[in-house]
Amino acid sequence: MAQAVQPQEGAAPPAGSRFRFEWRWTDFFWILGVVLLIAGAASMWQRLTEGLAPTNLTSYVPWGVWVGFYDYLVWMEVGSLLIFTGLIYLFGDKLLLKVKPIVLFTGFTIVTMGLLIVLLDLGHPERFWHVLVYAEFSSMITWMVWLHSAYLLILTLELAIVLWGGRRLAGLLKPLALVSLPVGLALIIVSGSIFGVVAARPLWNTASLPLMFLLSALAAGSGLLLFLVVVFWKEKNSSEYTALVNKLSVITRTLLLAGVFAASVIAFTMLYKGGGNPTRAEALNLILTGPYWWSFWIVHILLGVLIPLALLFLAPAKPLLAGIAAFLSSITFVAVTLNIVIPTLVTEELKGLATAFVDPKLALDYVPNTMEWLVLAFIFGIGSVIFGLGLRFLPLQSQHTEATHD
Amino acid sequence: MTESASPHPPGADLNRRDFLRSLAGLGGAAVALQALDQLALDPEQAVARYEAQLQELIYAEGTHLESLDVLERMRVELHRALEKSPAERRWVMVIDLRKCVGCHACTVACIAENKLPPGVVYRPVIEEEIGTYPNVARRFVPRPCMQCENPPCVPVCPVNATYTNEEGIVEMNYERCIGCRYCITACPYSARTADFGFTYTQGNANADGLILGSDIADSYERAPNFEYGKQYPRQPGRSSPVGNARKCHFCQHRILNGQLPACVTTCIGRATLFGDANDPDSLVAELIASPNVMRLREELGTEPRVYYLV
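From first to last, the protein sequence lines are chains A and B. Read in order, the letters of the first sequence correspond to residues 1 to 406 in our numbering. Read in order, the letters of the second sequence correspond to residues 407 to 716 in our numbering.
I should point out that these hints are in silico values taken from the structure, not numbers from a laboratory. Misleading hints may appear alongside valid ones.
Only pairs whose alpha carbons sit at most 20 Å apart, straight line, appear in this in silico DMTMM-like list of lysine to aspartate or glutamate [stated by the list, open to error]: (1) A/K351 with B/E704; (2) A/K351 with B/E478; (3) A/K351 with B/E535; (4) A/K236 with A/E348; (5) A/K351 with B/E533.
Here the structure is a predicted model, which means the values were calculated and not measured.
Please put together the full structure from these sequences, using the hints given.
Okay, here's the thing in structure tokens:
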């Protein structure tokens with residue numbers, strides 16, 4: 001039987017009652033957000049007044065940590081929602097409906113952060129509307145912007161209906177969720193194709209890259225979903241909770257293993273010396289053995305794959321360990337997107353170009369500077385405040401079912 | 407005839423030759439100085455006279471352009487090409503690597519012509535070292551925009567801010583560009599640069615009456631450039647082309663006014679040549695048909711319009 005969302009914890013106090021502020025553990029999010037906003041405010045101001053000049057981006061490395069984080073956020077948000085929506089509406093796992101508000105709201109927060117990051121990465125962010133008015137659909141970025149906007153719209157509608165729609169509009173949730181599946185899939189594929197279609201960059205220019213984006217997004221997203229379930233599920237002593245955590249653990253570890261397998265096959269093919277592409281191998285070697293080898297081997301492989309896999313295999317029925325595994329796995333996936341974006345760009349297209357005309361903005365070296373990290377901190381601050389305030393003032397942790405509408 | 411067969415002793419012959427050569431040199435120098443003097447005194451008249459001579463060459467029947475200096479020849483051919491409709495022209499650049507000495511005059515001329523700010527360069531000259539010591543050779547490879555027939559930078563632009571015009575030049579619409587820099591990543595020649603908004607004099611001190619501070623000294627870089635036939639003064643703030651991707655456009659604004667690209671006119675070795683490849687009699691059409699021609703990264707199928715003679 002369908003029930004409208006019942007305001008419970010997190011809802012506004014009844015009218016007439018005297019407001020008394022009570023600290024909750026979820027206040028951590030908005031407090032963290034405020035700290036991040038304060039930390040990043042000066043850099044954000046610098047970004048708004050001086051453009052991209054204070055960044056370490058150059059003409060030869062025109063995309064950096066912001067683009068890497070944008071892709072990471074797309075993976076997280078769309079990956080988690082694809083798994084979530086697929087499990088509910090394609091595989092009939094109604095249990096997950098109980099966390100629908102929090103999952104949708106997390107997705108909404110991440111989508112918003114992603115759009116803000118990509119907006120700040122533009123040389124002329126005030127012209128963002130050109131992509132809608134002068135859209136050139138041969139460009140993958142056009143598709144990305146349109147799909148991302150559509151995804152945000154669908155997600156906002158879903159969230160609004162879940163939170164305030166009541167029974168009257170609950171019937172729209174399934175069609176909206178089903179529409180979000182192809183849109184989400186397309187968004188991930190297009191995000192990968194932005195790089196995949198660039199023939200000038202051999203490491204990117206492979207048909208497998210968009211598919212690897214999808215696989216990675218699903219792996220990162222399932223980790224996020226598992227983490228949200230472990231953190232926000234209300235009845236942690238119930239058997240259904242253990243069963244759900246177990247199921248999501250199996251999905252997460254399977255996707256992680258599939259991702260590692262696929263990436264290994266692709267890497268071995270690219271590194272093959274006989275007849276291989278030397279520029280491609282050079283960029284790949286930069287990831288594996290370059291100055292930032294640790295971001296791949298330690299951050300991603302050790303902390304993001306091996307330890308989570310060990311935890312998920314050794315302790316499938318222990319939600320706390322599964323939660324730690326999911327947290328580690330989902331948070332360290334950012335090392336993958338950064339390693340996709342940056343090493344390819346710091347590989348010279350024409351030998352000798354970097355020394356042909358010397359200028360700090362014509363350099364091949366790129367390491368994100370403090371300003372770039374602090375702008376990211378500001379964006380994460382916005383996300384964290386939205387998430388924290390949502391947890392406090394919206395009925396996100398309420399039980400939600402759509403049984404009669406399925 | 408050998409030296410020993412000469413009726414005069416070698417020393418005496420050389421002396422007379424040197425003497426005559428010196429006289430000729432002095433005479434030539436005097437004429438040149440006189441011409442320069444005249445140019446300085448009345449530049450408008452001198453330019454008008456030059457233009458009149460050029461017009462004569464353009465319209466003269468049976469002129470043997472081969473006998474002219476290549477710069478003269480290219481200007482004549484340029485004027486002839488401009489009489490055709492834009493769609494009938496196909497501008498190409500030919501760079502003779504055997505003549506390039508790596509002086510970077512073209513790079514500097516390009517910067518001056520287009521008032522390029524720090525960090526923006528349209529035509530760097532790559533210095534290549536070939537081989538290992540002791541068998542080492544050097545080669546200089548100027549790298550303008552290749553103006554590809556299949557430009558990878560064009561379809562990736564999400565707002566159609568970059569496109570190929572009728573003459574085959576890949577242009578930018580600065581007002582429309584959102585600064586996503588996708589075109590920069592897509593160019594296999596790294597021929598596009600981002601304008602981050604720097605100026606050469608920024609950060610310099612200002613002290614009225616004491617020093618020529620940046621407020622006054624930067625007037626030269628605040629002057630407008632004339633890219634794409636428009637005027638883009640570099641004003642304080644973030645107006646275009648700041649925040650945009652920028653690229654070489656073969657000095658299109660000069661071409662349309664009958665002038666060769668700045669890099670061509672300043673090349674001290676006549677190593678950079680320019681013209682209409684659709685004119686079968688043009689210098690460039692002749693050169694790109696020679697067997698010692700190559701283009702950069704041809705395997706990508708971009709069909710560059712910049713050819714290198716090796």
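Each hint, compared with the structure:
1. A/K351 with B/E704: 16 Å, holds
2. A/K351 with B/E478: It is violated: about 34 Å lies between the C-alpha atoms, which goes past 20 Å.
3. A/K351 with B/E535: Answer holds: A/K351 to B/E535 is near 10 Å, not above 20 Å.
4. A/K236 with A/E348: 53 Å, violated
5. A/K351 with B/E533: OK: A/K351 and B/E533 at ~9 Å, within 20 Å.
The structure is inconsistent with the numbered hints 2 and 4, although it conforms to all the rest.
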